[in-house]
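Q: Sequence order for the protein chains is A and B. My numbering applies: residue 332 is where the first sequence begins, and numbers increase by one. My numbering applies: residue 3 is where the second sequence begins, and numbers increase by one.
The reader is advised that the hints may include incorrect statements.
Just so you have them, the derived chain A footprint on chain B, three or more residues with Cβ under 8 Å [claimed, not checked]:
| hint | segment |
| --- | --- |
| 1 | 166 to 173 |
| 2 | 221 to 232 |
| 3 | 236 to 246 |
Computed, partial: chain B to chain A, Cβ under 10 Å [claimed, not checked]:
| hint | residue |
| --- | --- |
| 4 | Asn-184 |
| 5 | Glu-185 |
| 6 | Arg-187 |
Keep in mind the hints are simulated off the structure, nothing from the lab. Idealized CB from N, CA, C, for every residue including glycine.
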Amino acid sequence: MLSKAASLGAGDVTGVIVGSGVEGLAAQAATYGAATVYVADDSSLEAPLPQPRIDAVAQLVADKGIETVLFGQSILAADIASGLAARLDAGLNWQLTDLTSDGGNLIGRQSALGDSVLVDVGWTSTPRIGLFRAGAFDPTEQPAAGTVETFEVQLQEHSLAAEMVEQAHAEESGPSIEDADVIVAGGRGLGEPEKFALVEDLARALGGAVAATRAVVDAGWYPYSAQVGQTGKSVSPALYVACGISGAIQHKVGMQSSKTIVAINKDPNAPIFEFADLGVVGDLHQILPKLTAALQARKS
Amino acid sequence: MKIAVCVKEVPDATAHKRIDPGTKRLDRSGEGALNAFDANAVEEALRLKAATGDGEVVVVSMGPERALNSLRKALAMGADRAVLVCDEGAAGSDLLATSRVLAKALDREQPDLVLFGQQSSDSDGAVLWAAVAERLRRPVISQVAELTLDGGSLTGKRQTEFGYDVIRAPLPAVVAVADSINEPRYPSLKGIMGAKSKPQETLSLADLGVEASSVGAEGSRTEVLGLSDPPPRGDTRKIEDDGSAADQIVAFLTEKRLI
Chain A
332 MLSKAASLGA
342 GDVTGVIVGS
352 GVEGLAAQAA
362 TYGAATVYVA
372 DDSSLEAPLP
382 QPRIDAVAQL
392 VADKGIETVL
402 FGQSILAADI
412 ASGLAARLDA
422 GLNWQLTDLT
432 SDGGNLIGRQ
442 SALGDSVLVD
452 VGWTSTPRIG
462 LFRAGAFDPT
472 EQPAAGTVET
482 FEVQLQEHSL
492 AAEMVEQAHA
502 EESGPSIEDA
512 DVIVAGGRGL
522 GEPEKFALVE
532 DLARALGGAV
542 AATRAVVDAG
552 WYPYSAQVGQ
562 TGKSVSPALY
572 VACGISGAIQ
582 HKVGMQSSKT
592 IVAINKDPNA
602 PIFEFADLGV
612 VGDLHQILPK
622 LTAALQARKS
Chain B
3 MKIAVCVKEV
13 PDATAHKRID
23 PGTKRLDRSG
33 EGALNAFDAN
43 AVEEALRLKA
53 ATGDGEVVVV
63 SMGPERALNS
73 LRKALAMGAD
83 RAVLVCDEGA
93 AGSDLLATSR
103 VLAKALDREQ
113 PDLVLFGQQS
123 SDSDGAVLWA
133 AVAERLRRPV
143 ISQVAELTLD
153 GGSLTGKRQT
163 EFGYDVIRAP
173 LPAVVAVADS
183 INEPRYPSLK
193 GIMGAKSKPQ
203 ETLSLADLGV
213 EASSVGAEGS
223 RTEVLGLSDP
233 PPRGDTRKIE
243 DDGSAADQIV
253 AFLTEKRLI
């Protein structure tokens, strides 16, 4: 987001980091195009709850005269952006995949109706708020690093009402799917949890990470840390192999920016075949072991 | 215990969804239905009402008059009452304007708990609750996969990218439930027959004291500028496995220099 904002040339870019123990991130953020990075580092901001963050960003927007607030989409960011819109009487556009500047007037590109139509959206006043799909932009390091400033947040009473009793921690097993160049993902079509071994074997042969759909994570077949889709992670690897995944929109939004998609599914009408570069209609229980063996044979 | 469930009428799942190039709004001329994700919120409200032994479940919506048909599905499931804000002046409202209207309608109801479904199936929106909570100045928890009430507070198990957070908040509060929270019941025949006679109130913007200029297209802060078709995703190739699929995949990956 920082790199994209900087590339628009539509004014100074400000980065905002809110949390506890986050000061170390500021220097890093400053290298991606932010002229200034504002940091609110406070123990009361540790839990990833949206409302204290609305206070923080609203305060900065007012104090610094910020005209546009951009977020990379996540469950937390969506709640912050929406609350901020109400607080600031600002327009919010979401599911954005691009942003352009037309003489300082910003135009967002929104992917709508299950990605069947692209909508150019605007804001009729400032501040403008935008939520961008993960993986929409590539980061580019900038020659001149920005400065880092800290600020104190005044929290509102209702923002402090919710409290984190127990915070989720990412379960780490194998390479992280967000950083992986190759991802092999499994869905309901595997039939039973034990069959995830087929996916893991193929991932190993390709040197990739394993991902899963929400359906199989909900069913307890695979851990949350591997979930790709609307309520999971968004990934954009060089290769995404979808095994037994129908390609419902909730999954698609998390992986459609993958460079190459290979899908194996026994249902010839599965929506995933509409956007897979290579679609294979067949029984994955037959195909996956053969594919893994062929890749292993190739390596040795 | 009074629970308000914010729901929306969306185009029926079987209808082909399109944006009208003239109005640049979603074409809602076809068959409408209760947003499927909202049924989870209605179900959860009914479950909580049953668990607490007393209380009222009221469904709140904004939309054209025909949206009452969709609200009746919630009544048929067991909700007690429906409130529809129905005003020409509210047509074309964006998130900001919609949250203004809903917050006013909720202010009037003064519920202990406001529930939302996970998202709307037409606009793929999954944000409205946070704007409403901000206007009501109430705590908000979204993506709640498990909800328990404990006297004056609630605890929500929130589904995130990293696992589950457990968050507690005092009532009154706003909660958006994940669709994994429950399996919505089907309305019984008796429920469907009884729904027609349950209270169904239609309110205008004036009834709520909402300025017409603060909602609808005029009160919105976003606009649709144009529509276009998404670019084709390059060549999509589809093959049927005749026993050689694994070899064909290897050949494809080699051609793309991925292995």
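Q: Tell me whether the statement that chain A covers the segment 221 to 232 of chain B is true, taking a Cβ distance below 8 Å and needing three residues at minimum.
A: Result for this restraint: holds, n = 11.
Q: Tell me if the interface restraint on Asn-184 (chain B) is satisfied: Cβ within less than 10 Å of some Cβ in chain A.
A: Violated: closest Cβ of chain A sits about 12 Å from Asn-184 (chain B), beyond 10 Å.
Q: Against chain A, does the segment 166 to 173 of chain B show at least 3 residues with beta-carbon separation below 8 Å?
A: holds (count 7)
Q: Do the numbers back the hint for Arg-187 (chain B), that is, is its least Cβ distance to chain A under 10 Å?
A: 19 Å, violated
Q: Can the hint on Glu-185 (chain B) be confirmed by a CB-to-CB distance to chain A that is less than 10 Å?
A: Violated. Min distance 12 Å.
Q: If you count the residues of the segment 236 to 246 of chain B with a beta-carbon closer than 8 Å to a beta-carbon of chain A, do you get 3 or more?
A: holds (count 8)
Hints 4, 5, 6 from the earlier list are contradicted by this structure; the remaining hints agree with it.
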